[in-house]
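For the protein sequence lines, the chains are H and B, in the order given.
With the first letter of the first sequence counted as 1, position 151 gets the number 151 in my numbering; the numbers rise by one all the way through.
With the first letter of the second sequence counted as 1, position 53 gets the number 53 in my numbering; the numbers rise by one all the way through.
Treat the hints with caution; some may be incorrect.
[As the list claims (entries may be wrong)] Cut-off 30 Å, straight-line C-alpha distance, at most; resulting in silico cross-link-like pairs (DSS-like, lysine-lysine):
#: 1; chain 1: H; residue 1: Lys10; chain 2: B; residue 2: Lys265
#: 2; chain 1: H; residue 1: Lys360; chain 2: H; residue 2: Lys153
#: 3; chain 1: H; residue 1: Lys22; chain 2: B; residue 2: Lys87
Simulated from the structure, these hints should not be mistaken for laboratory data.
These numbers were taken from a predicted model, which means no experiment stands behind them.
Number of protein chains: 2
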Amino acid sequence: MALINEHFLKLQENYFFSDIEKKINAFRVTHPEKKLLRIGRGDVSSPLPPACVEAMHRALDEMSREETFRGYGPEQGYSFLINTILKHDFAPLGIELTPSEIFVSDGAKSDTCNIGEILRWDNSMGITDPVYPVYAESNIMCGRSGTRGEDGKWSNVMYLPCTEANGFVPETPDHRLDIIYLCYPNNPTGTTLTHRQLKKWVDYALKNDTLIIYDAAYEAYIHEKSIPHSIYEIRGAKKVAIEIRSFSKTAGFTGVRCGYTVVPKEVTAANINGERIPLNPLWYRRQCTKSNGTSYITQRGAEAAYSPEGQQQIKEKIAYYMENARIIRESLARMGLTYYGGINAPYIWVKTPDGLSSWKCFEKMLYEANVVVTPGIGFGPSGEGFIRLAAFAKRDECEEAMERIRRWL
Amino acid sequence: MALINEHFLKLQENYFFSDIEKKINAFRVTHPEKKLLRIGRGDVSSPLPPACVEAMHRALDEMSREETFRGYGPEQGYSFLINTILKHDFAPLGIELTPSEIFVSDGAKSDTCNIGEILRWDNSMGITDPVYPVYAESNIMCGRSGTRGEDGKWSNVMYLPCTEANGFVPETPDHRLDIIYLCYPNNPTGTTLTHRQLKKWVDYALKNDTLIIYDAAYEAYIHEKSIPHSIYEIRGAKKVAIEIRSFSKTAGFTGVRCGYTVVPKEVTAANINGERIPLNPLWYRRQCTKSNGTSYITQRGAEAAYSPEGQQQIKEKIAYYMENARIIRESLARMGLTYYGGINAPYIWVKTPDGLSSWKCFEKMLYEANVVVTPGIGFGPSGEGFIRLAAFAKRDECEEAMERIRRWL
Chain H
1 MALINEHFLK LQENYFFSDI EKKINAFRVT HPEKKLLRIG RGDVSSPLPP ACVEAMHRAL
61 DEMSREETFR GYGPEQGYSF LINTILKHDF APLGIELTPS EIFVSDGAKS DTCNIGEILR
121 WDNSMGITDP VYPVYAESNI MCGRSGTRGE DGKWSNVMYL PCTEANGFVP ETPDHRLDII
181 YLCYPNNPTG TTLTHRQLKK WVDYALKNDT LIIYDAAYEA YIHEKSIPHS IYEIRGAKKV
241 AIEIRSFSKT AGFTGVRCGY TVVPKEVTAA NINGERIPLN PLWYRRQCTK SNGTSYITQR
301 GAEAAYSPEG QQQIKEKIAY YMENARIIRE SLARMGLTYY GGINAPYIWV KTPDGLSSWK
361 CFEKMLYEAN VVVTPGIGFG PSGEGFIRLA AFAKRDECEE AMERIRRWL
Chain B
1 MALINEHFLK LQENYFFSDI EKKINAFRVT HPEKKLLRIG RGDVSSPLPP ACVEAMHRAL
61 DEMSREETFR GYGPEQGYSF LINTILKHDF APLGIELTPS EIFVSDGAKS DTCNIGEILR
121 WDNSMGITDP VYPVYAESNI MCGRSGTRGE DGKWSNVMYL PCTEANGFVP ETPDHRLDII
181 YLCYPNNPTG TTLTHRQLKK WVDYALKNDT LIIYDAAYEA YIHEKSIPHS IYEIRGAKKV
241 AIEIRSFSKT AGFTGVRCGY TVVPKEVTAA NINGERIPLN PLWYRRQCTK SNGTSYITQR
301 GAEAAYSPEG QQQIKEKIAY YMENARIIRE SLARMGLTYY GGINAPYIWV KTPDGLSSWK
361 CFEKMLYEAN VVVTPGIGFG PSGEGFIRLA AFAKRDECEE AMERIRRWL
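Next up, chain H with everything else stripped away, as it sits in the complex (with noise of 0.2 Å):
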């Protein structure tokens, strides 16, 4: 008989998001008369940027005449996007990479995921705590997490604590572990990393040859300059580091499906002998076998993305998210709650009132304000007592969110 891999059955039911909609669901059902703001989620609202609809229509046409059809293409992701993300993305910030350092694909949820199939299932492995639930399911999955302890905590996953205490900003560990995940700006916690903080890490990572992972799916919403866009702006985290990309809060691709992961040649692992392996290959590898690429139409839309029009079309939308995030920042601070982030993020990071618990907290705001927000205990331990916020509603659905939330306080 085939044997199941029994890691999944340590994993919760449902996969944390999935157990929010069917919890809202739950209460549309009984409550079908009621509407609800939702100012939790981190899915935008906005309309694609036209730029990227006109390319979109442009491609679907190639597609529907036989002289410009195209079938499967090159799995890595066509050349056009790559060279167009490489001139946009790095370049001006002086990283040079090279085409085959770029991997496309549909959206840097999977990629995030997949990476870790290159990597040994034993290695240590530390993650930000709170944080986006899939570094840590996916190691789950494939075991490298150990067990759940009764405080939620897995056992072999170091947990780096980002609190009030410390300033949102975890330490270094004391000992080394062989991968940490990094996501900065911050899901959930809307905080960032200085280029000086950065640095602390990539000296970490080389010093204990550590590979980090670095998710910089919102790196569009930083507008201060003292924080990298890309860990490439750090000497020598082309050794250490892959970095993930998204273009879901940018080109509004949520439901299109579009990032990248870069994998510098430099980058490397160790097999059983110790010797140096570059990553590149292998991502490679397991991209060609497991993946056809994505959409070649979605690929002309994220190419669209960079243009002078879809530039500021993105820039623009953006800064309606920013305007929304202002917005929630002075009402919660006219109401007396604590919050953090929402700066150089789409995130605001908020203490319950009252020392709620974060669940309870969302069920009160749910049935009672009919507000839907994210319950902080979803991103790791250290989210308990804390619910997330997030930027992207429609102005009126966040003022009027905010106006309830201050009525049911």
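On the provided structure of chain H, position chain B as indicated by the hints.
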């Protein structure tokens, strides 16, 4: 230091199809004046069906307006598509499935690989030989295949030879296996299993508690009545089989990316204590955690493939390709070459002339006839001495390629 997944080092340097592309590129660089004809590729040449194109333009317009924009979709696919699949692909065959048993994805290739993640790494497994290489390769990557012998066979893989001697109908094994991959209509041999022949496999699986991964990516090419389109046409299959489908070779979605996987509620595997665990929730958990589904625009395109216009357009395309298959078969017959398949499948499996090895034949045909075929050995040890031809080229290229082969012989 991080350790790599050593199983990756056991793989050949390049994925089989990437290897072919490299050889073709090398030829093109040295022979820029030669026009190659590609007659071995499993990639469609006809543009997307107009019904799909129209639906995708409409979906794209929805994505461009605030009122109709959609962000993250359900990870397992939109219900408009799932319900359409159930109604058109299964109900007419008398197969009852529920929406939560269908998982829409970015393609059959990724599903075929990813499905192994919910199963223990050391299950025993079998594959027909020759077959689509990703079954073996995805299992090599997680260590399930063992080590590679000098004969090119993997120590923990049971090869079920499909040869001229058995008419390309594999024998069920004489002992039990945990997992078996079947692909019918078959890639690369173009052969099929009748209802009676497939029933033998389902009975074997029921008796031996074996899980069948059934790849039915080419079912639309079946026109003979005795050949089942879905494994669920066989009584009992819902207990033992997962079926994978694709829009690549029907709606021409090789560059658009959409497929789906059926995981019936009844199909189970065991945990270490021998308790039966349904695989459906494990796969649901895997997909929710590691994926954000496939593009909304793509899913609207896939839905339109089932409209009356879409069905008619696809029918015409398949008829076009199968007319190519007929031309290829008749040309081969006139040349006195031995071939199989091409009746209920777009592939024709051809014995190399003069007992040439697969790669030798590939290279000679590339350099001497400027025709690109696919070497059979890439599909497994029993593929040696064969080449795969495909019916997907344009008509004139198909005819010209056959003429070149005739002159070359």
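Structure-based check of all given hints:
1. H/Lys10 <-> B/Lys265: Holds, at about 20 Å.
2. H/Lys360 <-> H/Lys153: Satisfied, since the Cα-Cα distance of roughly 20 Å is no more than 30 Å.
3. H/Lys22 <-> B/Lys87: holds (26 Å)
Comparing the model with each numbered hint stated earlier shows that all of them hold.
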